[in-house]
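Visitor: Letter by letter, the chains look like this.
Protein chains: 2
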Amino acid sequence: MRDRYARTASYSVDLVLVTAMGNELAVLLTRSAGDRERWALPWRIPQAGETLDGGASRGAHEALGETPSWIEQIGAFGDAKRHPGDVDISVAYVGLVPHETASPRAGYTWFQITEVPPLSPRQRAMVEAATNTIQARLDQAPIAFRLLPATFTLSELQQMYELLLGKRLHKASFRRALQAAWLVEATDEWRSEGRGRPAQLFRYLPKKRRKAQRGVRFDLLDS
Amino acid sequence: MRDRYARTASYSVDLVLVTAMGNELAVLLTRSAGDRERWALPWRIPQAGETLDGGASRGAHEALGETPSWIEQIGAFGDAKRHPGDVDISVAYVGLVPHETASPRAGYTWFQITEVPPLSPRQRAMVEAATNTIQARLDQAPIAFRLLPATFTLSELQQMYELLLGKRLHKASFRRALQAAWLVEATDEWRSEGRGRPAQLFRYLPKKRRKAQRGVRFDLLDS
DNA sequence: GACTTTAGTCACAAAAAGTGACTAATTCGC
DNA sequence: GCGAATTAGTCACTTTTTGTGACTAAAGTC
Chain A
1 MRDRYARTAS YSVDLVLVTA MGNELAVLLT RSAGDRERWA LPWRIPQAGE
51 TLDGGASRGA HEALGETPSW IEQIGAFGDA KRHPGDVDIS VAYVGLVPHE
101 TASPRAGYTW FQITEVPPLS PRQRAMVEAA TNTIQARLDQ APIAFRLLPA
151 TFTLSELQQM YELLLGKRLH KASFRRALQA AWLVEATDEW RSEGRGRPAQ
201 LFRYLPKKRR KAQRGVRFDL LDS
Chain B
1 MRDRYARTAS YSVDLVLVTA MGNELAVLLT RSAGDRERWA LPWRIPQAGE
51 TLDGGASRGA HEALGETPSW IEQIGAFGDA KRHPGDVDIS VAYVGLVPHE
101 TASPRAGYTW FQITEVPPLS PRQRAMVEAA TNTIQARLDQ APIAFRLLPA
151 TFTLSELQQM YELLLGKRLH KASFRRALQA AWLVEATDEW RSEGRGRPAQ
201 LFRYLPKKRR KAQRGVRFDL LDS
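Protein sequences appear in the order of chains A and B. The first sequence begins at 1 in our numbering and counts up by one. The second sequence begins at 1 in our numbering and counts up by one.
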């Protein structure tokens, strides 16, 4: 099994492509190459001379038909024994796309993150690491904005943060923090969503601002 | 060059072992295997059946004679072309040891982080990623505590945070935050350090506490 | 036109962080 | 022995940030 192919490389690049579908995150899966009954994360063996990041972008493009609006390496995984490609280690990337504009290629399907079918242990660890990375980077990278279309209402943005954080936020607090961060710019468009007052549309457009000058934080997670 | 050895694996595990020497961080280097004039991070080719984390711990033990008090994977590096071991990709780990008890094996030397000699581009990127990881995890992992001996004074702890953060902290604020975090326990020992009032010794001993219940944070770094 | 629904803002309360000044316990110089 | 210097440890007040309920605005529904 392990030597079925002449192996030019003993590692793969695996992709955790994430979108927000309705009220939950979703992950892109495809049928496993070895066992068509099983599902797997999209993955590929990088070509000679290809960088890791380049291979990841290319793989994402092959699966999605577009390059994710944000992509980042999660790390290398080698603990679990089985991988669909039978490689020694796998370098995982997480990528984000807005659901509205993403149209996966044939053979690729979005799965709600709570309903992901059984994967190899290694790929299961990647999906979990991806959600951890997303949560951890939520306030350092434009995660939420990359899961939304180019323009959005502040309520949509708040709902996205509530989805990612897994908790409700107070409207006034949310908007005050957003204003202080200079991350969005109002457009002159408004959207009427059925009943209620129409909402103004905003776009992501970070502006320079003085660095937050905080003291120490001891935010160790409860052990 | 590339095929000089029969390659059982095309990846290496590289180690950024960090300690606090005097008023600066230091990194452990050794003479490069290929070119004895150059310095390199400690690295090794994992043995068959070995996990990534296991290989990293083992490599650290070989270089230091002890296992780091904290170790974490930084990521996989493959962009830069040259690596001392001539492997395709390298998985980097950062490990911390208190300087007081660390005694590197023969052939390994601590270099102040500002005076690191020229490394391969890939390993240079690892050192930089390691310092970024350290800063980023400073308030989620017991970084500072792992660079100090088992017992320490609060002034020493504050100096360590000042070193890691690169800025001065106010004594009262620091201690208030520390108290709120329930991370240290007082011992009944005191240490007299030349002049001045003796300081009480503390040990790292995190206690359960209610989860910090913050709202949103938009801490995007200045772009 | 009254009622409901969603957007957007305000003002006050509560909590957290910044800061200077104080007391305590030691060594040093004389 | 005693005052000055030095480091530890704490307090109390100010300023900033965050939590929160209630308000006004603009649409649809009946």
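If you're looking for bench data, these hints aren't it; they were derived computationally from the structure. Hints are supplied without guarantee of correctness; some may be wrong.
No copy is singled out in the list; a pair is fine if it fits within one copy or between any two copies.
[Claimed, not checked] Only pairs whose alpha carbons sit at most 16 angstroms apart, straight line, appear in this in silico EDC-like list of lysine to aspartate or glutamate: (1) LYS81 - ASP188; (2) LYS208 - GLU24; (3) LYS167 - ASP219; (4) LYS81 - GLU156; (5) LYS207 - ASP88; (6) LYS167 - ASP79; (7) LYS167 - GLU24; (8) LYS81 - GLU50; (9) LYS207 - GLU193; (10) LYS208 - GLU100; (11) LYS208 - GLU50; (12) LYS167 - ASP188; (13) LYS208 - GLU162; (14) LYS208 - ASP35; (15) LYS81 - ASP53; (16) LYS171 - ASP35; (17) LYS81 - GLU100; (18) LYS171 - GLU156; (19) LYS171 - GLU37; (20) LYS207 - GLU185; (21) LYS81 - GLU189.
Visitor: Hint by hint, work out which the structure violates, then give me just those numbers in ascending order.
Guide: 1, 2, 3, 4, 5, 6, 9, 10, 11, 12, 13, 14, 16, 17, 19, 21
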